[in-house]
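Peer 1: Numbering (mature numbering (1 follows the signal peptide of the UniProt record, and there is no 0)), first residue to last: -21 to -1, 1 to 232.
Calculated directly from the structure, the hints in this document are not laboratory data. Backbone N, C-alpha and C fix where the C-beta goes; we use that ideal spot for every residue, glycine too. Any given hint could be a false lead.
[Stated by the list, open to error] Straight line, CA to CA, 16 Å or less: simulated EDC-like cross-link-like pairs of lysine to aspartate or glutamate:
no., residue 1, residue 2
1, Lys75, Glu117
2, Lys14, Glu30
3, Lys58, Asp20
4, Lys97, Asp129
5, Lys75, Asp94
[Claimed, not checked] Here are the in silico distance ranges between beta carbons for each label pair:
no., residue 1, residue 2, range
6, Gly157, Asp181, 47 to 57 Å
7, Glu22, Asn168, 22 to 32 Å
8, Ala189, Pro64, 26 to 36 Å
9, Asp181, Lys201, 14 to 24 Å
10, Glu117, Asn188, 27 to 37 Å
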Amino acid sequence: MVNARKLAIIALLSASTSVGADWFEGTSTISQAHKHLLNNDLESMFQSLVEEWQQQPSKSIRSHINKLFLQSLSVDCGKGYSSQPLPDWVENVVVKQQTIQSPGRDTYLSTIELDSNKVVSEISLKRWVDKRVSNDSEFYINGSSDGVTDVATYGIRYNLASPLEVGLYRLDVSLVNGDSWSQWLILTNQPLKQTVRWSSKDKWQVEKNALLNPYCPLPNLKLGFLTISMANTRKYGGRNMNLTTQQHSTQKV
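All chains should be modelled from the sequences, with the hints used to inform the complete structure.
Peer 2: As structure tokens, this is what we get:
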């Protein structure tokens, strides 16, 4: 009986090892992605993941490459995914996924902002293959903040019925002079390390569930106080904070 049990355990371990080893054998894009991550070649790994997403993988493969992508974020929060510099007319690009919570209701926004010294005519985010993320969007421009440079902030805000799905997206930016720039983006559903929830109608709470990635920007919470009537909605207070503490709460004024 003891020998039979040992044989069963050995067989189980051998089977598990074989399944795991399949990801590292062959020349498939997902195998290459694993090898590149082991070699700390994040740029090549990212390109392999882009190619894998373009093949419209099955649900199980999507789950696996999403976990692989999350694992790579622990290295430098994605800074090594590309060695190509931004075009000289783009200073920085920020992609935001936002959830706006109110008692009994959640709304979702996806925002892309970039600072440019050229006039931007269009910004778009599409899911592979060529699928608009939302028909409800707003393009906006914020002028230079210092009054000296010609740099302005251009953005597009998508109103969503639910958070964007995990997968491959394409960011396209066009200038009025005809120049353009595009970049692949991979969006993930990273497990929340901190959650914000309403503990009652007049009180919210932040709960820290895990350690934050030290290479990534700190999560930010914007809190606003609104008065709502049949005639209008008016904001009369607010607060911004980094979510770095274990727990804190506030009440409506």
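Peer 1: Compare the structure with the hints numbered earlier in the document and write down the numbers of the violated ones, lowest to highest.
Peer 2: none
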